[in-house]
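J.: Chain by chain, the residues run as shown.
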Amino acid sequence: MKYLTLSTLILCLSSPALADEFSEEDTDRWMEQFELVASEGRRLWTSPEIGTNGVVCAQCHPNAANTHPETYPKFQKQLGRVAQLWEMINWCIRNPLEGKDLAADDPRMIAMQAYAYKERRGVELQPGKH
Amino acid sequence: MKNIIVNNRRDFLRTTMSGVIAGMLPVSLVRLSYGKEGGPDFTFAYISDSHIQQIKGNQFVRNWDRGLIRAVAEANLLEPKPDFVVFGGDLAQLGSKPELDHGAEMLSKLNYKTYMVMGEHDYYLDLGEYWSKLYGKHYYSWDHKGVHFVTLNSILTYDDWTFNRWESDERRMNEMAGLDNPNGSPFMVGAKQMEWLKKDLARVSKSTPIVVFSHSPLQKIYKGWNFWTEEADEIQALLKPFDKVNVIYGHVHQIQYNQIGNIAFTSVMSTAWPWPYPESYAQAESHLPILTVPMNRADPFNERDATGWQFMNMHTGRVDLEFNLYNNSNRTIAFNEAKGHPEDTSFPDPANRILAQQHF
Ligand SMILES: [Fe+2]
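Going down the list, the sequences are from chains P and W.
If you read the first sequence in the numbering used here, its first letter stands for residue 813, the second for the next number, and so on.
If you read the second sequence in the numbering used here, its first letter stands for residue 113, the second for the next number, and so on.
What the hints contain is simulated information worked out from the structure, not anything from laboratory work.
Take these hints with a grain of salt, some might be off.
Said to hold, decoys possible - List of simulated lysine-lysine pairs, DSSO-like, C-alpha gap at most 27 Å:
| # | chain 1 | residue 1 | chain 2 | residue 2 |
| --- | --- | --- | --- | --- |
| 1 | W | K257 | W | K451 |
| 2 | W | K168 | P | K912 |
| 3 | W | K352 | P | K930 |
| 4 | W | K310 | W | K352 |
| 5 | W | K193 | W | K209 |
What the hints assert, rightly or not - Covered stretches of chain W, going by a simulated chain P footprint (3 or more residues, C-beta under 8 Å):
| # | segment |
| --- | --- |
| 6 | 289 to 296 |
| 7 | 382 to 388 |
| 8 | 410 to 417 |
Cβ coordinates follow ideal geometry from the N, Cα and C atoms, glycine included.
Take these sequences, add in the hints, and give me the full structure.
T.: Next comes the structure, spelled out in structure tokens:
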């Protein structure tokens, strides 16, 4: 009896730790987290707080169109090297938005990229494409 | 009639049967000879979508200012002089008095009579009240050298959206200013203006060439970004009985052209910034006219790329457009009489398109 209880206890404790045992509940919850970040990205995309002159990303990129997230990383002749999407977002923040660069891991940068990728969902990955 | 246009970055040459004329100025307008078909022959310039945007006080977004200042300066260099200039709407970004005043001051440097079209960015703060003080009627018509011109205010929308939905005028303006804003509302001319248009056209003979200026396309391309006018079909039906109709529209910040029956449609560029083609939004279906050879894709590293203004040659009831692009090869969309539709004179064959014209 004592043995059985112990083994049940072990089963209960060890169950969540198994890497391959996640449920639909988990994936729903993770997706929900993504959606929260992507919608914060949409908010920032349409908010003057990213720049200093009132210009917003969506003014030139409605629905984040013409940002081509599926083509990064790719060579940018103006930079003379292969660059990532966040570097181009920073270019836009510095120039049309007259703002300051965000760090690559700034939650705002992650959110804006989440939004741009979300609007491009379903499109084939084509790194390097121009 | 041979008309070859060689486009380079800064200059272009036109060779016609009557001789070679080279443009020495940054911009040169040459009256093109189209043989002895007769009919009206004159030119006008078209500047649109400058989106003058106030930061605070007397500070405005420099980028958009530069686009408009350049269009005005270049239009003043046109030789021979155009008969008039049309401004195609969205002078301001958020319709405020300082923005409209600043834009109007820049436009006032034009040496020509200027006709104004209402854009949604000019309208939704005070429903066009201050704009009217500057420019008068929101829609009107006039005749010039045998052509009947009509300017519509095509950016109205449902009364419920305009009058009952928003807690402030600023909120209403902001909601309409976002091109992709799902809280926006489709553009329309409204019942009252449709009645006026019917009456206005009733007194014009069917053989008189018609030119209609509107801010939004009077055809349905993509509703999500208001590349759209609700009553497009009804307006087209009113225009159908006329032999030659030309519709010129702004709003889309890109090159589009189309032919529906006798109606030739051509868009104009923005002086401020380009917009993606709707097909590049992967989550929605859209209908760019198949005739259209797209503008060259904007190079994000160049501030003035894929922006510019237009000059137009009106001949035998049709409008040919020269897109004077600040950082791209100029484009000419001319009416091809044999084919019966507007056509890009450099890239008539889709097989000849250049890589930069592929949008995705
Ligand atoms: Fe516009």
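J.: For each hint, tell me whether it holds in the structure or not.
T.: These are the hints, each one checked on the structure:
1. A C-alpha spacing of about 26 Å is found between K257 of chain W and K451 of chain W, which places the hinted pair at or below 27 Å, so the restraint holds.
2. Between K168 of chain W and K912 of chain P the CA atoms are separated by roughly 19 Å; this keeps the pair inside 27 Å, and the hint holds.
3. With a C-alpha separation of about 43 Å, the suggested pairing of K352 of chain W with K930 of chain P is violated against the 27 Å cut-off.
4. At most 27 Å may separate the alpha-carbon atoms for a hinted pair to count; K310 of chain W and K352 of chain W meet this at roughly 12 Å.
5. With a CA separation close to 31 Å, the supplied pair K193 of chain W and K209 of chain W exceeds the 27 Å bound.
6. For the segment 289 to 296 of chain W, the stated coverage by chain P holds: 4 residues have a C-beta nearer than 8 Å to a C-beta of that chain, and at least 3 were required.
7. Beta-carbon proximity to chain P at under 8 Å applies to 4 residues in the segment 382 to 388 of chain W; the threshold of 3 is reached and the given coverage holds.
8. With a cut-off of 8 Å between beta carbons, the segment 410 to 417 of chain W has 4 residues touching chain P; three or more are needed, and the interface restraint holds.
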